[in-house]
Structure formats: C-alpha cells, structure tokens
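Visitor: All chains, please: the whole structure from these sequences, using the hints.
In case it helps, the working numbering puts the sequence shown at residues 1 to 473.
A few of these clues could be false.
[Said to hold, decoys possible] Derived DMTMM-like pairs: lysine to aspartate or glutamate, alpha-carbon spacing no greater than 25 Å straight-line:
#1 Lys465 x Glu400
#2 Lys260 x Glu200
#3 Lys465 x Asp264
#4 Lys425 x Asp226
#5 Lys465 x Glu401
#6 Lys260 x Glu439
#7 Lys425 x Glu439
#8 Lys425 x Asp231
#9 Lys425 x Asp303
#10 Lys304 x Glu433
#11 Lys304 x Glu439
#12 Lys260 x Glu401
[Unchecked claim] Between beta-carbon pairs, the in silico distance windows are:
#13 Asp231 x Thr196: 44 to 52 Å
#14 Ala363 x Thr112: 40 to 48 Å
#15 Gly440 x Leu235: 24 to 32 Å
None of these hints come from the bench; they were simulated from the model. We put the beta carbon where it would ideally sit given N, CA and C, even for glycine.
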Amino acid sequence: MTSKTAPPATAAITRRTITGMIVAMAVIESLSGVTQGYLNPILPALGPVFSIDDPTINGIFLVANVSFAVLTPIISRLGDSYGYRLVLRWSTAVVAGGVFMMALWPSLWTVTVGVVLLTCVVGFIPLMMGILRVTSPASTRTGVSVMIGMLMIMVGAGGLLAGVVGVSDPTLGFWVAVPFAVAALVCSFLLPDAGTPTREGLALVPLTGCSLGLIGFVVALSMGPDWGWLDARTLGSGLLGLALLVLWAVLDAGGPERGKRFMDLRMLANPRIRAVSLATFFFGFASISYFGTNGIFLHANPDKAGYGFALSPLMIAIVLAAASVLSLASSLLTARALRAFGERATLVFAGLLLAGGFVVMMAAHTSLAGYCAGFALFNLSLGMYQAGTRALSVEGVPLEETSTAAGLNELALSVGIAVGAAVVKLLSSASAESGRITEGGLVSIWGALAVAALIAAAASARYQKQQAAEVGA
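Guide: Written out as structure tokens, the structure reads:
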C-alpha cells in the first residue's frame with residue numbers, strides 16, 4: 001500500500017511555497033490599500049492647486065464609485081475566462097500606469113483618468129482568491145485574512161503618508177503609491193499559474209445591462225441629495241438603472257435554455273452564497289459609508305458645531321492609521337475564529353460588534369476617549385467581516401467560478417456602500433443647519449447604521465453550516 005503522506009522535506013517546501021505566495025499576494029494588495037487610502041487627504045486639497053470647486057472634487061469621487069461598481073464584475077469574470085494570473089498582471093499594470101500618470105503629470109484630467117485606472121484594484125482579491133483556491137484550497141481562508149489585513153493597514157497608512165508628504169503640495173502625495181506599484185507589478189510575475197481558463201467570451205447584452213444599470217443606479221444614489229430625490233435627473237437615472245439591472249438579472253439567472261451569461265446569478269440559489277451576499281451588502285452599508293462622516297465629526301469645532309474635537313487633517317489621519325491596526329489584527333484572526341467558533345457565529349459576532357460600536361459612539365461622543373472606543377469596535381468588526389465574508393463567498397462554488405463568485409460578493413459590498421452613503425447623505429442634508437450637520441443628525445446616522453449592522457448580523461445568522469470537506473483552513 002502506497003503511503004499518502006509526503007516526506008517532511010517535501011511538505012516543508014510546500015509550506016514555504018504557499019507562504020511565499022501569500023506574501024506576494026499581500027504585497028499586491030498593499031497597492032490596493034494605499035491607492036484607496038491616499039486619495040482621501042489628497043483630492044479635497046486639490047481645489048486651490050487645480051482651481052476647481054468642491055462639486056468638481058465630489059465628481060471625481062463619484063467617478064471612482066461608479067468605476068468600482070462597474071469594473072468589479074467585469075474583471076472578476078475575465079479572470080475565470082482567461083486566467084487569474086494573466087488578468088491579475090494586466091490589472092496591476094493598469095493600476096501602476098494610473099499611479100505613475102498622476103505622480104508625473106498631475107492635472108485635473110490625468111487625476112480623473114487615473115482615478116478610473118486605480119479602480120482596477122477591485123479585481124485583485126477575486127483573482128488572487130482564484131489562484132489560492134486552485135493552488136492550495138486549505139490555505140484560502142488564511143490567505144484571504146492576510147490580504148484583508150494588509151488592505152486594512154495600508155488604507156490607514158496610505159492616507160497618513162499622503163497627508164505627511166503632501167502637507168506643502170498635495171500633488172506630491174501621489175508619489176506615495178509609486179514604490180508600492182513597482183513592488184506589486186513585480187510580485188504579479190512571481191505568482192503561479194492556476195486553474196484552466198474556460199475561454200468563454202463575455203456575454204455582451206447582460207454585461208451592458210449590468211454596467212449601464214450600475215452606472216445609473218450609483219449616479220442616482222450619489223447625486224440624489226444634491227439634485228433632489230424627485231428631480232427628473234435622479235428619477236430618470238435611478239429608474240433606468242434599476243430597469244437595466246432587472247434585465248441583467250433575468251438574463252443571467254435564467255434556466256438552461258438561456259445562452260451565454262455574464263455572471264451566473266444561479267449561484268445565488270445556494271443558501272450560503274445568498275446569505276453571505278446579503279450580509280456583505282449590509283456590512284458595506286453600515287461601515288465604509290461612515291468614513292466621511294467620521295472625518296467631519298473629528299474635524300468639527302465644538303465651539304461652533306456643538307460637537308467634535310477640532311482635530312487637524314493630520315491628526316485625523318493618525319487616528320485612522322491607528323484604528324487600521326485593529327482591523328489588521330481582527331482580519332488576521334478571522335480564519336482561526338471561523339475554524340474555532342464556526343462561520344455563522346463569527347459573522348454574527350462581527351455584526352453585533354459593529355452595531356455596538358455605533359451605540360458607544362452615540363452614548364459617548366462628547367468624550368474623545370469614548371468616541372475612539374466606539375470607533376475601535378467599528379474597526380475590529382471591519383477587519384473581521386471583510387475577511388470572513390470574502391473567504392466564505394467562494395466556498396461551495398465550482399473552481400472555475402471562483403473569481404466570479406468573489407466578484408459577486410465585491411459587487412454586493414460596492415452597492416451596499418453606495419446605498420449606505422446615500423442614506424448618510426440624506427440624513428445629513430435633512431438635519432443640516434447653516435451648512436453643518438446637527439448633533440441630532442449625527443445621532444440619526446449612528447442609529448441608522450447600527451440598525452443596518454444588526455440586519456447584517458441577522459442575515460449572517462441564516463448562513464448554513466458546512467460539511468468538513470468544504471472548509472479550508
């Protein structure tokens with residue numbers, strides 16, 4: 001009888017290989033974190049440099065939000081069709097091109113185009129999850145935890161570095177991402193080829209419906225508070241977007257008689273995938289949409305606004321960088337928590353932790369220490385749910401649909417963030433006095449996001465336990 005146990009030396013080499021692969025993936029994901037973090041302090045400071053007003057700056061953020069939503073399913077689907085490593089290399093090269101363009105030739109147009117190119121980072125995690133799941137299924141959860149941990153810490157570090165480097169000239173902050181772009185591009189050539197591409201072309205009709213639908217829906221949500229929710233532009237964009245998304249859902253979720261699909265939405269028939277997608281939507285709604293309000297609250301002068309701590313932009317960046325360490329720690333522990341306490345319990349706990357953070361903010365927002373305690377709970381939940389939902393989003397789907405399933409989860413996150421941001425903006429506008437959010441408005445925002453976090457916990461509670469054979473380490 002032949003032994004199925006590998007010799008110790010071979011096992012050690014395998015472990016070193018997997019460890020090296022995960023480290024390379026973490027370096028690539030560091031580029032994603034830096035580029036998502038360094039835009040927050042840079043873009044608002046570009047007004048005097050480029051002679052542009054706040055609506056134009058907000059327009060750049062809108063372009064970024066739309067691009068994130070549109071490119072998420074496209075890049076993920078390309079990975080399954082044409083190879084995870086190949087599409088990852090091209091995505092990394094496009095992001096690096098955007099980084100260098102903004103650093104070398106900063107202008108309104110290069111920054112606008114560059115922001116669109118940077119949004120190709122949305123494909124990094126789905127594509128690398130595809131490589132991980134094919135190369136070492138047992139390491140998928142651990143690898144995702146490490147990647148999310150790197151993402152969390154570098155979002156905070158990127159904002160802090162850009163704020164420090166660009167203190168005299170904000171355009172210098174664009175150089176912060178250059179070394180990370182070079183390192184990520186090199187690491188994209190160190191990863192192994194994995195999986196057999198399906199070579200299935202993209203179905204253009206559902207792709208167009210999905211893309212244009214997302215554009216219309218996200219634009220309506222983002223601009224509704226400025227245009228007015230009953231304005232013809234808001235209603236037209238939103239209704240047309242929803243109609244196209246419904247068309248996409250009908251085309252991609254149909255029976256076997258249907259032709260080619262852009263994304264196989266039939267995977268949502270899997271109760272676990274459906275529960276994770278719904279939880280991800282509400283987690284995004286309740287968390288990432290709050291970062292803008294967090295900055296407003298910390299920067300507000302209590303003598304004028306009646307709340308806040310009058311922190312400088314640099315001090316706010318330091319707070320965010322310190323909080324990101326907590327997200328790093330919780331994400332690195334998530335794989336172990338999933339194994340020790342179970343998938344359902346871990347995600348439910350993340351939702352309750354997030355809701356608890358907002359409750360603490362409401363109760364203790366007059367104290368910097370009290371508010372930071374609530375924000376600490378927020379960040380612990382952020383790392384935990386981001387690692388947990390992403391790892392679970394691909395378990396139970398065929399290997400050849402790994403990237404698409406991960407992309408579907410990223411899409412749920414992006415749309416949840418957009419809807420949450422619209423709700424936050426609506427509550428802010430409804431309570432504004434003299435152009436400032438009132439304290440009552442802030443309490444209503446904290447309350448609404450706490451409710452969304454509880455809904456995320458409730459959705460997580462519907463996650464069905466897996467068989468041991470389906471669980472990766």
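Visitor: Confirm or reject each hint.
Guide: Results for each hint:
| no. | hint | in the structure |
| --- | --- | --- |
| 1 | Lys465 x Glu400 | 23 Å, holds |
| 2 | Lys260 x Glu200 | 8 Å, holds |
| 3 | Lys465 x Asp264 | 23 Å, holds |
| 4 | Lys425 x Asp226 | 9 Å, holds |
| 5 | Lys465 x Glu401 | 21 Å, holds |
| 6 | Lys260 x Glu439 | 52 Å, violated |
| 7 | Lys425 x Glu439 | 15 Å, holds |
| 8 | Lys425 x Asp231 | 16 Å, holds |
| 9 | Lys425 x Asp303 | 24 Å, holds |
| 10 | Lys304 x Glu433 | 12 Å, holds |
| 11 | Lys304 x Glu439 | 12 Å, holds |
| 12 | Lys260 x Glu401 | 14 Å, holds |
| 13 | Asp231 x Thr196: 44 to 52 Å | 50 Å, holds |
| 14 | Ala363 x Thr112: 40 to 48 Å | 42 Å, holds |
| 15 | Gly440 x Leu235: 24 to 32 Å | 29 Å, holds |
Hint violations for this structure: number 6 only, all remaining hints satisfied.
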